[in-house]
Structures are given as C-alpha cells and as structure tokens.
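These protein sequence lines are chains A and B, in that order. Per my numbering, the very first residue in the first sequence carries number 1; after that it's consecutive. Per my numbering, the very first residue in the second sequence carries number 1; after that it's consecutive.
Hints were generated in silico from the structure; no laboratory data involved. It is possible that part of the hints are untrue.
[Said to hold, decoys possible] Simulated restraints, written as ranges between beta carbons of each label pair:
| id | chain 1 | residue 1 | chain 2 | residue 2 | range |
| --- | --- | --- | --- | --- | --- |
| 1 | A | 234 | B | 218 | 44 to 52 Å |
| 2 | B | 107 | A | 457 | 54 to 62 Å |
| 3 | A | 343 | B | 343 | 53 to 61 Å |
| 4 | B | 214 | A | 69 | 42 to 50 Å |
| 5 | A | 456 | B | 83 | 49 to 57 Å |
[Unchecked claim] Below, in silico cross-link-like pairs of lysine-lysine (PhoX-like), each with a Cα-Cα straight-line distance of 20 Å or less:
| id | chain 1 | residue 1 | chain 2 | residue 2 |
| --- | --- | --- | --- | --- |
| 6 | B | 2 | B | 127 |
| 7 | A | 258 | A | 241 |
| 8 | A | 176 | A | 284 |
| 9 | B | 201 | B | 250 |
| 10 | A | 56 | B | 51 |
| 11 | B | 2 | A | 56 |
| 12 | B | 62 | B | 307 |
| 13 | A | 176 | A | 258 |
| 14 | A | 22 | B | 307 |
[Claimed, not checked] One side of the interface only, derived from the structure: several residues of chain B facing chain A at Cβ under 7 Å:
| id | residue |
| --- | --- |
| 15 | 11 |
| 16 | 23 |
| 17 | 35 |
| 18 | 36 |
| 19 | 41 |
| 20 | 180 |
| 21 | 182 |
| 22 | 228 |
| 23 | 282 |
| 24 | 283 |
| 25 | 289 |
| 26 | 342 |
| 27 | 343 |
Even glycine gets a Cβ: it sits at the ideal position worked out from N, Cα and C.
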Amino acid sequence: MEIETFRSKRGKVPSGFIREVKDIVGGENVSQEETDLISYSLDYWMYGIFLSQYGKLPSLPAVVIAPGDSREIQGVLRCANKHRVGITPFGGGSGVLGGAIPGGDEAVLNLQRLNEFISLDEISCVAEFEAGIIGANLERELNHRGYSTGSIPQSFYCSTLGGWISTRAVGQFSTKYGKIEDMVLGMEVVLPDGNLVDIKPVPRRSTGPSLKDLFLGGEGALGIVTRAVVSVHPLPQKVVKQSFVFPSVAEALEVVRKILRGDARPAVVRVFDETESERYFGVKEVTVIFISEGEPDFMELEGAVVSRIARENGGQPRGESPVDRWLEKRFDIGLGPVAMQQGVVVDTIEVVSLFKDSANLYRDMVSSVKAVDGTIMVSGHFSHFYREGACLYLTFAGASPDSFRYYKDSWTAAMEATLRNNGSISHHHGIGFWRKEFMRRELGAEGVELLRKIKVALDKNGILNRGKLIEDAE
Amino acid sequence: MKMLNKGEVEQITSCALCANMCKHGCPVYLATGSETLTPQKIARLILYREKGFIRDEAGFFKVMFQDAMCGACRVNCIYNNFDLRDFIHKERSEAFKKALLPQETGRRVENFARFGNPDGERQLIQKGNGETGYLVSCSTYRDAAILGAVEKVLAARGECQEFGGGDICCGAPLYYAGDTEGFKKVAEKMKGEIEQRGLKKVVTSCPACIKMMTEIYPRLGVRLDVELIHISGFIAALLKQGKIKVNRMKATATFHDPCLLVNDMGITAAPREVIEALGLEIKEAVYGGKNAHCCGGLPGGKIGDSKLSGRVNAMRAGELKETGAEVYLSACPTCKAALAAVGMKDIAELVAERISDG
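Chain A with its partners taken away, still in its complex shape:
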C-alpha cells in the first residue's frame, strides 16, 4: 500500500532549483523527506481531511523549503521564477478551502519559522509581528503586556497572522474590534518577482488605492506577507455577559439590527438557530448571546441598552450561563474527527448578506442543503455583525456511498442559495481552490478578469499559489 494522491502525482522540480534554494536558505531547511512531503500535502480543507484518514492526499509536493526571513524568501522566489517552479505558501495550514494545498510539481514554502513578536508601541496602540506567528501566541505576547488585538478566530490555536491577512479572516469578537482588514495598519510583502514592498503603518492615507488591500485576501497568490503591524487594545476592565431566547431567527436578527443601529457594539453577538441552541445549550429555542467588554462605565451602559432592546422586542433573558457555555466550547471541534471516522462528511460554510436578506438566506440555505441526498444534519448561526448585515455560518454533515458527490452537491446548494439571496459567497474563509468556480458569479466576468490582470501583472510567470483564488488563465 502507498499514499494515493488525487490531485497529481508526486512531482519533480529541476535539480538546479533545489541546489540553488539550498544555498539561499541552508540545506537543513530544504527537505524532500517522505515525512515532510506528507505533512505539507494538505491544509484543513475538510473533504481532504476526510480522505486523508484513508491515506488519500491531494498531492505530495516535490520539496519543502523553510526560509528564515524576508531576504531568503526573496531569493527563493527569484529562483522559482528562473526555473518556473510553482510555489505554494504554507502558513498554519488551517485554511478550510484548500488554499495551501500544493500541486505535485511544486515547492511548498513553509513560513512558520517567521514566528517572532517584534515590538509593541503603547503610545500608538500598535504591535508588530512576523507573519508566521500562531494567533494564540500573538495574543499571549500581547496579553502579557496588557493588550489584545481582539482577534480570536476559532482557528486561534493553529492559524497564523499571515493566514488571517491572506484570507481576510475574522475573530469571534469582531463586532467590536473589527476584522483583520480593520486591524492591519502596515505590512511587509515579498512580491512574486522577489521584490519587497514595505507598507508603513499609519491609521489611514490618501495615496491612491490602498496597496495593503491587495494582500488582505490575496491568498498567497499575489505576494507573501512576512510581517505586519496590527492595532491593539488595552485588556478590557469589565465584561458584561447576557443571553436571550427568541421565537425565531428572524426576530432575533431584528433585535440585533436595532441594537447595532443604536450604536451599541458588543464584542460578541451570536444568534444560534434551534439546532445549534440544542447542541450548545440544551434548549430548542433560538438563543442569542452578547458579550460587552471594555471600559466599565461604557459597558454598564452598553449592557443596559442591549438588555432593554432585547426585552422590548420579545427576548426572554437567560443570564450568563449560555455565554459561559459558549466560551467553554467555542474551540471544541472534537466531534468532526469522530464523525468522519464513521464515514460522515462534515464542513462549514460562511456567507454574508445585508439584513434585508439575512433571514431569507438562512431559510433558503438550510432547506437547500437539507434537501441534498445524504444530509444528516444542517444548522446555522449568525455572527460577525455589522450595522448593515451579518455573516451566516452553516454547519452540515452527511453520508453517502458517493461521499464526493454529497460534498459537492451540498456546497453547490449552499452557494446557489447564497447567490439567489444577494449574498456574497464567502465572509471570511476565503476562496482557495474549492470555492473558485463560483467567483465568476460573485465578481462577474469583468471582475474576475480584473483580478486575473492584477495577478498576471504581479506574477508574470504564474509561480505563486497556482490554481487558487481564480481559475488559471486559459
């Protein structure tokens, strides 16, 4: 028996390329060992993970390269251009759309040696980190000094700052602290041709289109983020936890809309449908949790505003315990790996719409995925709220003799429902390779063509993260 690859066979790169990159990063940081090729063959794309238990991997890269700094990355990319070798950047490997899955004739660029805390500027409330630092460690460095970014995604313990930037990630406390694009003030990026761009950290500028926005969501296809300056907040002095139940998702959404319209900004707002409420809290009612945190006086006031609007609009208070339950369970993904061993395919899909469409999108998406033959469970919650709308996060599980057909059909049903209801196909997981077929309907043919032109202008040899974000040029 041996590893079966379904994306491509284990490939080769020119021996001259290997020789030259060894000179750049040191021989000990270039590996073609079987153990390394297996380990960098897959990120956390859930269907790939499902298959990995059977020894089926998307591909085995030809080589893994682990540079130690920006200069070495520049050298590797210049070398890759010279030899026309595809490079797949690998941050924490926690992406769920296959954005870090390499092709067979490609090299993986492991960015996890760049994992240092660089500095904290307490006057300006900004901190600088190397991009390969894991989120939990970034926060530990800051918390130790009395600060936090407020960016706590579910992948907090395994994803990197560079990964957050490259996928336009968000954390669970985003309604107050913002999303990664709100937090990043400056960054250093190695371009596909090996040149380096240093975008200095300032709160805002008017100097033409924002260059940093090219790389916020660039998915490693437009450049490699090597360090970033992020905004930080003093650790909150007061935390107010509240929860309410409502008769329906639509009524709960309406309450959240009114709260945000009133300029309250709880850090956490989550609306769980009946299925998720039962799973988390043991009740079959739509549950909404709020966490307000910050200056004590403000938080008392914010808590009172949230409570008043929720009660005035049919919310039944349920106290702090559902919030504590969620805080305790929010990183627990243990059920998925157990279910997968029973042949059950599981995944999550996050989309976003305006408030006017939110309830319809929820109903349509849940019923569409439920209708897919093989579905066992579909549930949803709303999180990451804005004054104008919210992110809908769907979880589904199902089993079928043809697991790939089930997986594909579920995704298609969810994406079609999103597009039917004026939603955007991704809120914060990104595109990777798995979702890119829907990009034309998301951006329009012209939008995709514009993105392709930007890609070609930056990466004329097409070396960086081939086959991700947009379809390759024909």
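Once you've looked at the hints, dock chain B against the given chain A.
Chain B only, in chain A's frame:
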C-alpha cells in the same frame, strides 16, 4: 505496523483529523517552524505507518525521536485523556527493536547495559538513615552544586537517607529510548532499592523520576509503596513549617517551569512559594507556568536528535532572557544544564545559600 488495537486506532485517527489545536504550545514546532513535528502531523504519520503507507521507515523513526515528550500537546488537547506521547513511545519501542536509535540515544542505552545508568561508571551514594529518602537522580549526580545544596537542606531538616549513583536509576533514559523490557527490569530494581531501605517517602529533584515511578511503573505492573515528593514541594513545606529559615534577598527572578513538573504533575505553586519565601520578586516569562515551554533537554534525552534539542534549548533561553530578571531559577537538574546560557540555578541551590541559623 498493526501495533494498535481498535480503540487506539480511533484515538490516533481523531488526533490526525483534528485541526492541530495544540500546536501553538509545542516547543519543537516553535523552535523549528516544522509542520511535520506538530502533534497532528505526527499522529498522521503514526496512522499511516499503522496502515502500511510509510515507505521510508528510517525517516519515520527519526521524526518519532524528534518529539520533546514534554506533554504540552496533552495539556492543550481538545480530547479528554489523550496523550500522543503514548503512541510515540510505542513507535520508539519499534525503533529500539530494529536498532534504529539516534546516535546519542544509542550511546546512553549502551552505557546502561554496562553500568546500569546512562552516563557510565560512577560511585554509589548511600548516606544517612530514616524513613525519608532523597533519590539522587542521574541528572543530580552530574551536578555537584545541586547535590551539595540538597544535602545542606536535608541536614537542616533532620534524619534522611540519601541514595543514588552507581547503578541506581529510575530508567527514564531507557523508557524514552523505547527499551520497554530493559525499563521494566530497572523499575523492579528500583522497587527493591526502596524496599530494602525501608523508605516511606522519597524526595527527588528530577521530575522525570517521579513521572516514571508514579505513572509509568504501574503500567508495567510495578507498584511502589512509597510517597514520592518533588524537592520543590518538600522545601516549600519545610519553609512553611519553619523547619528551615532563610535570609531574604532583594532581586528579581524568573522561574522556568520544568515540563513534566507542570504538564504531568500540575505543580506550579510550590517552587514559586519557595522563591517568594526568599524575598525575590517574580518576573514571569510570557511562556511561564502552565504555558511554559520545555527546555529541550540534553543530547540523547527525551528528544533523541541532539541538534534539535540544542535548538529548543536556545529558544527557551531566549524566551527567559526577555524578562530581564536578575536571577533565573528552575527545579530540575536537566533544565538547569540545558539552560546554562541564562545562568540557571536550581531553587535548592539558592535556598541552601540563604539558609540561616535562626
């Protein structure tokens, strides 16, 4: 191949399919940035070997000896009662059977066969009387300063036996080398050493000795009828009871938590009580207490790859230096040696230096 039972296969598969939620605390991963050395990827490799997918056996065993066996992944695991180290140990046992040990690990195993300890010929230590014994671990035997300090503390405490050196060892070097059979014999020998001395309590400075004797021996059917106490708790109790008194000093100190002490025994308070009793102001490291990183050990120890253990040593020393403390303390002779770059001392040494007569 085919070493695991059905339940074990389910466990290792769950780990292999997890999102690597514990990798942030893995010292080997942090020192190298290597995805291969993260717990989830090690689990995937073990699963693939179990299923017969691995072709490069030597490369596979090399990875098994690159893990720190420090327990950070167990502490940070989302599953209850899962310890990846047990699976890695099984693979190390296979490597031992196939004589595929890293060089330095193999050398220590050979020493064990000749001298009954990993270091070579050495004197047997037997001093004092009483039902309480101080076990001189192999790591303590190598450090005269710690041993002298402990003797001074024990003298202040009163009646106590001191034993070790020669061929007295808990067997941890064999356990981490995968020599399960040899380890079991050593465990039985240690049981005899304790029983023939009539000991009711055994104190030691080495957390690995305590882990072996309390957790691993019973798995092999060797049960010790003795209370095992780490030196930090022993000294903290003596200070609390007023049996020893110390002259307080004014300085800042950072304590490096030994991995097995914190991850397996959950001990973080006792050493800090000792440090505070000395009057020192504790400056915690960013990665301190339950988030402390392993020191990396010494060549051929828990990490079999000597070069790699050096990289972890350097990383940990760097993390500690950042506190800018005047004194660096630990409570494990191996940690002290591995972190010599920061001028590490054992808490027993500082206590011995500061013992007052009244």
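Consistency of the hints with the structure:
no., hint, verdict
1, A:234 <-> B:218: 44 to 52 Å, "49 Å, holds"
2, B:107 <-> A:457: 54 to 62 Å, "58 Å, holds"
3, A:343 <-> B:343: 53 to 61 Å, "57 Å, holds"
4, B:214 <-> A:69: 42 to 50 Å, "45 Å, holds"
5, A:456 <-> B:83: 49 to 57 Å, "50 Å, holds"
6, B:2 <-> B:127, "49 Å, violated"
7, A:258 <-> A:241, "18 Å, holds"
8, A:176 <-> A:284, "28 Å, violated"
9, B:201 <-> B:250, "34 Å, violated"
10, A:56 <-> B:51, "12 Å, holds"
11, B:2 <-> A:56, "19 Å, holds"
12, B:62 <-> B:307, "12 Å, holds"
13, A:176 <-> A:258, "16 Å, holds"
14, A:22 <-> B:307, "19 Å, holds"
15, 11, "10 Å, violated"
16, 23, "6 Å, holds"
17, 35, "5 Å, holds"
18, 36, "4 Å, holds"
19, 41, "4 Å, holds"
20, 180, "24 Å, violated"
21, 182, "27 Å, violated"
22, 228, "32 Å, violated"
23, 282, "14 Å, violated"
24, 283, "11 Å, violated"
25, 289, "11 Å, violated"
26, 342, "18 Å, violated"
27, 343, "23 Å, violated"
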